[in-house]
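Chains as they are written, first to last, in the numbering used here: chain C, 1 to 284; chain Y, 1 to 284; chain F, 1 to 284; chain W, 1 to 284; chain S, 1 to 284; chain Z, 1 to 284.
Calculated directly from the structure, the hints in this document are not laboratory data.
Predicted model, so just to flag it, every value in this text is computed and none were measured.
It cannot be assumed that every hint is accurate.
Which stretches of chain Y does chain F cover? Using the computed rule of at least three CB atoms under 8 Å from a CB of chain F, they are [as the list claims (entries may be wrong)]:
id	region
1	50-64
2	93-100
3	138-144
4	259-270
Within a straight-line C-alpha distance of at most 25 Å, the following computed DMTMM-like cross-link-like pairs (lysine to aspartate or glutamate) qualify [said to hold, decoys possible]:
id	chain 1	residue 1	chain 2	residue 2
5	Y	K42	C	D212
6	Y	K40	C	D172
7	C	K42	Y	E174
8	W	K132	F	D213
9	Y	K222	Y	D232
10	Z	K116	S	E95
11	S	K78	Z	E79
12	Y	K25	W	D150
13	Y	K78	C	D172
14	S	K40	S	D172
15	Y	K134	Y	E159
16	F	K132	W	D43
17	Z	K25	C	E92
18	W	K75	F	D173
19	Y	K42	C	D43
20	Z	K211	Z	D172
21	W	K116	F	E145
22	S	K116	Z	E174
23	F	K78	W	E159
24	S	K116	Z	D150
25	Y	K25	C	E159
26	C	K160	Y	D148
27	C	K25	S	D150
28	Z	K160	C	E21
29	Z	K40	S	D205
30	Z	K78	S	D90
31	W	K40	F	D173
32	Z	K211	Z	E196
33	Z	K194	Z	E159
34	S	K78	Z	E95
35	S	K160	W	D150
36	F	K42	W	D172
37	Z	K75	S	E68
38	W	K132	Y	E21
39	Z	K132	W	E21
40	W	K75	F	E145
Don't be surprised by glycine CBs; every beta carbon is placed ideally from N, CA and C.
Spelled out, the chains give:
Protein chains: 6
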Amino acid sequence: MDISNAQRAKVLVHALPYIQEYSGKVVVIKYGGNAMVSDKLKDYVMRDIVLLSLIGVKVVLVHGGGPEITELLNKMGKESRFVDGLRVTDAETAEAAQMVLAGKINKNLVHLIQNKGGRAIGLSGMDGAMIKAKQKREDLGFVGEITDVDVRPVLDVIEKGYIPVVSTIGCDDEGNVYNINADTAAAKIAGALKAESLITMTDIDGILRDKDDPETLIPVIKTDEAPILVRDGVISGGMIPKVECCINAIKWGVERVFIIDGRIPHAILIEMLTNEGIGTMFTR
Amino acid sequence: MDISNAQRAKVLVHALPYIQEYSGKVVVIKYGGNAMVSDKLKDYVMRDIVLLSLIGVKVVLVHGGGPEITELLNKMGKESRFVDGLRVTDAETAEAAQMVLAGKINKNLVHLIQNKGGRAIGLSGMDGAMIKAKQKREDLGFVGEITDVDVRPVLDVIEKGYIPVVSTIGCDDEGNVYNINADTAAAKIAGALKAESLITMTDIDGILRDKDDPETLIPVIKTDEAPILVRDGVISGGMIPKVECCINAIKWGVERVFIIDGRIPHAILIEMLTNEGIGTMFTR
Amino acid sequence: MDISNAQRAKVLVHALPYIQEYSGKVVVIKYGGNAMVSDKLKDYVMRDIVLLSLIGVKVVLVHGGGPEITELLNKMGKESRFVDGLRVTDAETAEAAQMVLAGKINKNLVHLIQNKGGRAIGLSGMDGAMIKAKQKREDLGFVGEITDVDVRPVLDVIEKGYIPVVSTIGCDDEGNVYNINADTAAAKIAGALKAESLITMTDIDGILRDKDDPETLIPVIKTDEAPILVRDGVISGGMIPKVECCINAIKWGVERVFIIDGRIPHAILIEMLTNEGIGTMFTR
Amino acid sequence: MDISNAQRAKVLVHALPYIQEYSGKVVVIKYGGNAMVSDKLKDYVMRDIVLLSLIGVKVVLVHGGGPEITELLNKMGKESRFVDGLRVTDAETAEAAQMVLAGKINKNLVHLIQNKGGRAIGLSGMDGAMIKAKQKREDLGFVGEITDVDVRPVLDVIEKGYIPVVSTIGCDDEGNVYNINADTAAAKIAGALKAESLITMTDIDGILRDKDDPETLIPVIKTDEAPILVRDGVISGGMIPKVECCINAIKWGVERVFIIDGRIPHAILIEMLTNEGIGTMFTR
Amino acid sequence: MDISNAQRAKVLVHALPYIQEYSGKVVVIKYGGNAMVSDKLKDYVMRDIVLLSLIGVKVVLVHGGGPEITELLNKMGKESRFVDGLRVTDAETAEAAQMVLAGKINKNLVHLIQNKGGRAIGLSGMDGAMIKAKQKREDLGFVGEITDVDVRPVLDVIEKGYIPVVSTIGCDDEGNVYNINADTAAAKIAGALKAESLITMTDIDGILRDKDDPETLIPVIKTDEAPILVRDGVISGGMIPKVECCINAIKWGVERVFIIDGRIPHAILIEMLTNEGIGTMFTR
Amino acid sequence: MDISNAQRAKVLVHALPYIQEYSGKVVVIKYGGNAMVSDKLKDYVMRDIVLLSLIGVKVVLVHGGGPEITELLNKMGKESRFVDGLRVTDAETAEAAQMVLAGKINKNLVHLIQNKGGRAIGLSGMDGAMIKAKQKREDLGFVGEITDVDVRPVLDVIEKGYIPVVSTIGCDDEGNVYNINADTAAAKIAGALKAESLITMTDIDGILRDKDDPETLIPVIKTDEAPILVRDGVISGGMIPKVECCINAIKWGVERVFIIDGRIPHAILIEMLTNEGIGTMFTR
């Protein structure tokens, strides 16, 4: 990058007002998609997070991991079956999901953050019984619906100076473990934390009025405009539940929710610390 | 159990001096063997731990999980190979171990403690880069040797009121993950914590002078007596490294180390809160 | 006691849910009757209290001491005169009461607790002007009626890690000292502390429907049932003011009030830490 | 008192350097003699103490009470017997002493301080097992010699904003209670607190070179001058043990020890907050 | 001063109830007039303040400094022009005022307090942007009207154990600096602090019903009586805005406001710590 | 500046290791020269400082102000006289210096920081008697030599979340005020704070081996190399005392001292947060 150190200093100083805005605030990042697959993008995200943490942002990293669950099930010779886009989850599948999410992805992310100079502790919804859940639909097995979120473990870990990395496994008092949709969990956690922002990383540009024309990106959607956009078909298919999570997060107390394009390097920093809004922002 | 409530009250009161002795102290429990296999024994251990925590003991639960790693590898159609009793650990095996230890066993133990009314958070050696490791022997792959232990995450979690449950995965600065022997890790952690006791749960009665006669149990071994017992063949085979861990723990600052028989229900409580010493105690 | 250590461990574990229920809660014990006379019972009560304190219960011990006041007055050649069951209290009698309660009984209890391994500080209603009082009836002299209770000294002493032992002497701004009924004072203090329980130790089985048949013990009385039981003569004589104190304590904010039989060894532990309710519980 | 308010203000300002000198420091006052008998002097002492407390001095009031013990024993028809100036103390006498000191005098002083607007808590050597003692001489019965002083209860009570009032009863682990010489106890406590000053109130002018001539008052005695004064008979009789306590207090860490004339109104304030040294000061 | 030390002690004790009344309370002193000109009076005021601080009063010293601003302007050959009693303040005059107030007077007062044994930190309205202001009237230039007061710097400095000395310079977000009337600023600051008292030092006896007869001093004025006194001409001329400040301070939350005669030595102590009310007190 | 937001994000991330290095550390900046004259440079410096403060650096800003003192003296018609490069300082000059430094420059810097979004409090060496001084040379009048530095006020102000801005006025116990060389004071303060770095802003490139050739900049000088450079004439004239201050700062406990070119925009950030070392670094 052909930028002089004088220019670098200027860039840092230009970031000042944005840093001031977020200093001391809670920001929940729902991590997923390409940004979690590509090693390069993963590296960028981890650096972004460590930087945010250093400038005083209380980052909470929430992740899912569907593809890697499928991968392990394949290795185990177990076929994945989906109903209405949701994985049918028998006991063995639930256990595989738990191992992949809480054991592999979660700890690897923690490790990456530590190696970039940050301090992190990985939590699952089972730690401190953080995410209480029940069966969503009988035919889906151990697919869970959140009944209660207790964010004390997240706050305790932040208070001790760590970045909490959260895998979205739920549990109940009978000892059952549930696979929980990460978008929903992130929204619930962000709401319970009264977060300043929830940033959802996806593999799309944001909400486009014409899905084939990136120029038609809608930069801001107010919560009451969303149903109209659904009705008009602008928001459709798999985006409907994602947008619902965004709207819910705001209802539950988050200030601003962003859907950003995780394929762009340093998308988080660009969104947070420059004058460029990328993706779509949901707001009251 | 045919014990009147009057007798129950007496029993509680008889435990008083033992409770006073341990109140506020750190006790590391190396959990393994049958006590971790049998659901009934597991249930007992969890209750013991929650009780200790309630009476003011700072319990740290450290676990391994060899058999369950083998089980997953089998499901994945991967054969386990051992050299000198150590599992040859390629990258895939290391990942499987990480998933089983940090994802499955660790979180399940956390869940059990929570369901007994305790509060727990699961940590691996990757969280807060707690266990730094390097390759032990080139031919064994990702079998790790501990280079450094940083117990701050354990202390932070205790300070916030949780029981830390630790899975013994190690990591280095290059991003590698290592499988670590749980006895060694428990000893290192107990030493770094200057624990009052380290309790190792095994499937033997303790150290027997004549291994076929339980009546010959050696109740107390001083650190300088151990080499003589090894020379005399009293301590032999797989017990040698275990005993080494006990001796090391004392060198590193633990007051007393116990090898107890995990097959006995509530072995921990009997050892700690009654006048009965079960198993063998190592001491300065 | 012929109970194996295995059984002892079970007993401890069975106490777990009861311990969890009381952990961190305030429990006021009104100590009196035989349990304060018999050396053996006294020893049991002290052990019970130290145990409760160790498992995290915030115990407050409130005591009276009528018989010992009489004893001192006798030694001083002074006759005790009673009107309506209340001691006529001239200045010399008041001073004798103060000496016996705050100087003898209080400090002896503190000493016993210390010798069982607990930490205690004795307080009277004069310390920190905790119990403000005025004359109850002119003809009774320095028999006091509480006008105000300031529990800060009790809380301060608890916060510093001691078990407060309270003798129920009251005082006013003119320098007068009053003898205060210990049941009333205990109820007031428990109410001001919003205690989880007030346990009153007496020399009866509890409230019996037929006072000659222990089988007719009433285990639970709701506050609005009490007047009916008085009307029906089930509660009568000296029990009426005692029960009034119980009912008042609940009105003032205590969750549950117990009248237990202090003649039973370890009655407190049996009531609190087993499934056996002994005596009568008053509740909302 | 015919002093204008302008003069009053000047007086206050003149006290400034003395107040600055003592602010935040621990001062132990051994209270006794006439100042504890005369109601007027008692009132003055209490006001002095409350004032000192308000200007930031950490006052600890230590008292004895020989005459009042005798008075109670008389009332009980029990004769006091003395050997070498020490009361022969059987169990009944020890109990009487405990009641008078810890129950009557101690609490009355607390009450007086409270009524002057101060906050006080009364402690005996039994509270928190503060004064550990053993038998001094077999023929004296329960006359105690201090074996250990634990000033944590005093510090805890100060930290919570109270003036600790201490009666000098000692105890041992067997449950025995001992009468302790108040001068010795005050010196031990002051030493353990590393007090700035220990002020002993007596009924003499101070140490006089010629005991019949108040003009020969010795204002300052260095610790190594004391033995010479004893040898020369300047310090003699009952003053010898008192002076020994003063010298010991300095050895144990007190900065300065004063013997002042408690018969002078506000002797404490005059000593501490004016340019007038009254009585004799002992120093390194 | 011919006062014996015995009398001095009495005087100190007589001050006890007044000290108790003010202990821990915030008292704002508006310092000005002769008391700030005469070196002797200045010395008295500083001692008074250090004494108050030692006895636990949280003193805030607010000062102006008109005459010294004029003096500097004269040295700079710049004439002072007044409109309606307010100094026409061009940029150079504003800078001179800032230098004199925040640089000379403020720091000299801090220095005096330190040399009397107090601890002080000087603050201006620019520190922590404590006093936000805007232009009062266009023709007056940089004469400011307070728009907002943020007393956190004052509280922070008190909490760290210093006496805050405040010079009444205001500022805005554009970088302008304003000269602020010290009476108004003191009232605003006292109000924002919910001070116990605001004491305004002036060169008059107080409010006199007949301005030529000191015997007609009005000791207490209720806020609703003030307008009547203005109407009747009792309060007139330069006293009108001063009295308005007093009334406003009470509206903003100050308990009692005093106008005292700063020409009397130790006027502050006489007012606060004796039974003599000097000057006029404003109250609800 | 033609830099895309993607590049901006990269720049921020590249600063990460530098931010980590300084996070939580104390950095003293000696501010002066052109960087304090040019409004543009001043603006840059303030932004740099606010940014450093936000990323967790504990910045202490120390300033002098010779030219502005001269300016005021000129306005007052007072000629400045210098002996050996030091201003002859009579009482009036000392007062002018105090007004300019503590009243004008100091508060203006505070105001600028506040307006950039930082929080600042201005301190002089008189606040908390931070800089104790005595006369340096009789013929120079009130030119001071530091006798003692008490950095508690600086630490208290940092702890409360403000950036301390320090003007280097000294004082003594007699009430005299001294003008103190700002380089010396900065070095003393940095030493007392055991600062990570002391950054001295000057109007030169750094130490040049050939003063006419910027290419000969010496990037690092070890403390023991400095005398040789002086002997060889590389360091000469006015740079000798400046370099002495740098060497002393290191002796007094500062890790690294920098002489940087304040004429370069954002010189501080370039030095601290990029890979470019500008100017000369002094080190052990």
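Violations among the numbered hints: 2, 3, 5, 8, 13, 14, 15, 17, 18, 19, 20, 23, 29, 32, 35 and 40
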